[in-house]
Every structure is written in C-alpha cells, then in structure tokens.
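Chemist: Sequence:
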Amino acid sequence: MTRNINILNLSNIKINLLDLNRDEINQFISSLGAKSFSTIQIMKWIYDYHCTDFSKMSNISKILRYQLEKKSYIFAPSFTQENISHDGTIKWITSLGNDYIETVYIPEKKRSTLCISSQIGCALNCDFCATGKIGFKRNLTVSEIIAQIWQANKILKKKNINQSITNVVFMGMGEPLLNLRNVVSAIKIILDEYAFKLSKRRITVSTSGIVPALNKLINMTDICLAISLHAPNDTIRNNIMPINQKYNIQSLLDAVLKYLKQSHANHGGVTIEYVMLNGINDSKKNAEELAILLHNIPSKINLIPWNPFFNSRFSCSTHDNIHCFARLLRRKGFTTIIRKNRGDDINAACGQLIGSYIKK
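In case it helps, this note's numbering puts the sequence shown at residues 73 to 432.
Please note that a few of the clues may not be correct.
What the hints assert, rightly or not - Computed Cβ-Cβ distance ranges for the label pairs, DEER-style: (1) N311 to K229: 43 to 53 angstroms; (2) S355 to K318: 25 to 35 angstroms; (3) C396 to Q334: 18 to 28 angstroms; (4) C396 to I85: 50 to 60 angstroms; (5) N305 to Q153: 18 to 28 angstroms; (6) Q334 to D417: 35 to 45 angstroms; (7) Q153 to D199: 36 to 46 angstroms; (8) L104 to E180: 35 to 45 angstroms; (9) N311 to K86: 46 to 56 angstroms.
Stated by the list, open to error - Quick list of in silico lysine-lysine cross-link-like pairs, DSSO-like style, CA-CA up to 30 angstroms: (10) K269 to K86; (11) K205 to K229; (12) K318 to K372; (13) K333 to K404; (14) K205 to K288; (15) K181 to K107; (16) K142 to K107; (17) K269 to K372; (18) K260 to K357; (19) K181 to K269.
If you're looking for bench data, these hints aren't it; they were derived computationally from the structure. Note that the Cβ used here is the ideal one computed from N, Cα and C, for glycine as well.
The task is simple: from the sequences and hints, build the whole structure.
Modeler: Structure (structure tokens):
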C-alpha cells in the first residue's frame, strides 16, 4: 500500500524517511532525479546499520546525499527510560512531547517478541485495562511505530544480545485498527526484506473489534490476527468493553471468519485473547458458553491472568478456576494456553501499560 502523499508537492517540508515504506522512498528519490537502486542502498543504511547521517552513506553519490540532507532526515524517537524485570522482560518508555508510550521486549529461548504501541492512550476504555484509563491522546505516526523496533534492535546490539527481534505484536498501547493507515504502512516496512525482514506469520495485530476496519484489513495486508474477546456473551462484554455496544460479538466473529478465509498467515486460525476476571467471566458455564460461541471459528485460546493496576475494581481469577476453565476448553477440542505473566513487577504485563511513572 502506497499512501497518497504526493511528495513532489512537499518541496518546503523535510520528510522523515522512517515515515516511508520502500515504494514511498522510491517515489521520493525519483523526484530528486535518482535511480531506484538508491532506495535499497538507503534502506540498508537505515535498517541494517542504524545510520541517520547521510554523509556517512558512502556508497551513495555526493549529489544525492546533498539532496537527501536538504529535503529529508532520519529520526527515531529514543527510549528515555528502561525498566528490566526479574524474568528478563524489558519495558522501554518513549517521551513524545508531553506524552509517553511504552514498548515491551519479551525474550524467550527460541524467539524474542516486541510488543509495540500504535496510539498514545486508547479511546476504547476497556474496564480491565490501564491504558484506557488515560484516554485517547493521538495516533502514532509511521515513524513513531517503526522507531520502537528500530531502537530496540539497536539497543539489543549494544547489549551484545545476538538475537534481534523475531516477532512483533501490536498489543501495546492503543487500538491498532483505529490507526489503520499508519499501522498497515508500518507493517509493510516490518515485512520488507530491506528493512526488518520479518515474515507475515511473525507479525500479529490484536484488535478489540473494530469491525469496519477489520473488513478493510484483509485487502491491505495479511498478517496474524488476535481478537481481544474476554467474554462469552454480549451481556458480559458490554459491561467490560464498551466497544461491544457498537460492534457486538456476532458481527466481530463474522468479520473474523471473512478475514480467515482470505488469509494465508493464519493457518492455525485466529488467536482469542481472554482475560480471566474473578467472578466476572471465569465460571464453568462461561467456559461452556465460550466453546459454543467459537465452535466454527478456527482458533487457539490464550487465557490471560488479569494483571492489577491502580484503582481497578477487578481481581484475578484463582489459579484453580483458570486451570479448570482451560481443562474444559481443551476437552471441547480447543488449543488452550494459559499465558505466563511476564514483566508484571515493572508494570509491563498485559493490560498494565501506562506505567506508574506518570504518577512520579
């Protein structure tokens, strides 16, 4: 997808090259009279070498370097704070003017996952999630989305951690499908062989159920899909997720099925995310309802022990209830995983992202 940005009419505005995917960089340098092979050279300098200084791009002509310096720049907002969990999870905080976003690095034996943000705050106000409590500030630009991966890889290299980011999940702050255009353009960069080089099966977008945007997504890109469902019926979901009053469960699942039928990335079906809330959605009856609800949806289910945050009305389901819930779903034939809490000691776990640093 190339956005309609008409670079030729932006002669007086410097362009951040991290805002542009490969097609757009090619359009830009063509407007400068350069050949298309220069696009690949520039992207290698940016993404392989983390170079932001055009004068150091030694295999690019002096004339093009001069034009690039005059008409563009390369800027990735830096992480301004780092918190490291006892389990190796790292939470990075980026200051964007008076606001903040958070990015979480989750290392495992065979992969390393980066959980990135797509918005400052969130408009959906899901009752069990801390991010929604700060409200919606604004969408992130493409460069602000991409910078989270760019800076993470740069830092990991400095720390002599050999493995760069292998998986990217849009599960940080914000609802990705409410920033659809910028998220899709960022995904194109993440997939690009001259940028982050990830396969479509290693990128996951999680949505709370913006049905019109989900219907558009399949025609824009093909990546793994996760649904923040968290309830087996509309009554419970209406109570904890206001978005359900606009797009109910059936309309959401209809859109999911449509997406899955056209997707090549989702061979195992959609990931269903289900936060375990004590006395709200965690009974045996709720598990049975969920099994009926998902009977024709190819899926795997992630049960997420709820992570506490300041002034919330919820508590996490008991260990026994979570495991009972999982056993019932497994007996019904569903692949069911109980997600491990990672980074909860630094407020980096699922649902905790706004950070106590705001109160400091």
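Chemist: Any hints this thing doesn't respect? Which numbers, in order?
Modeler: 3, 5, 7, 11, 15, 18
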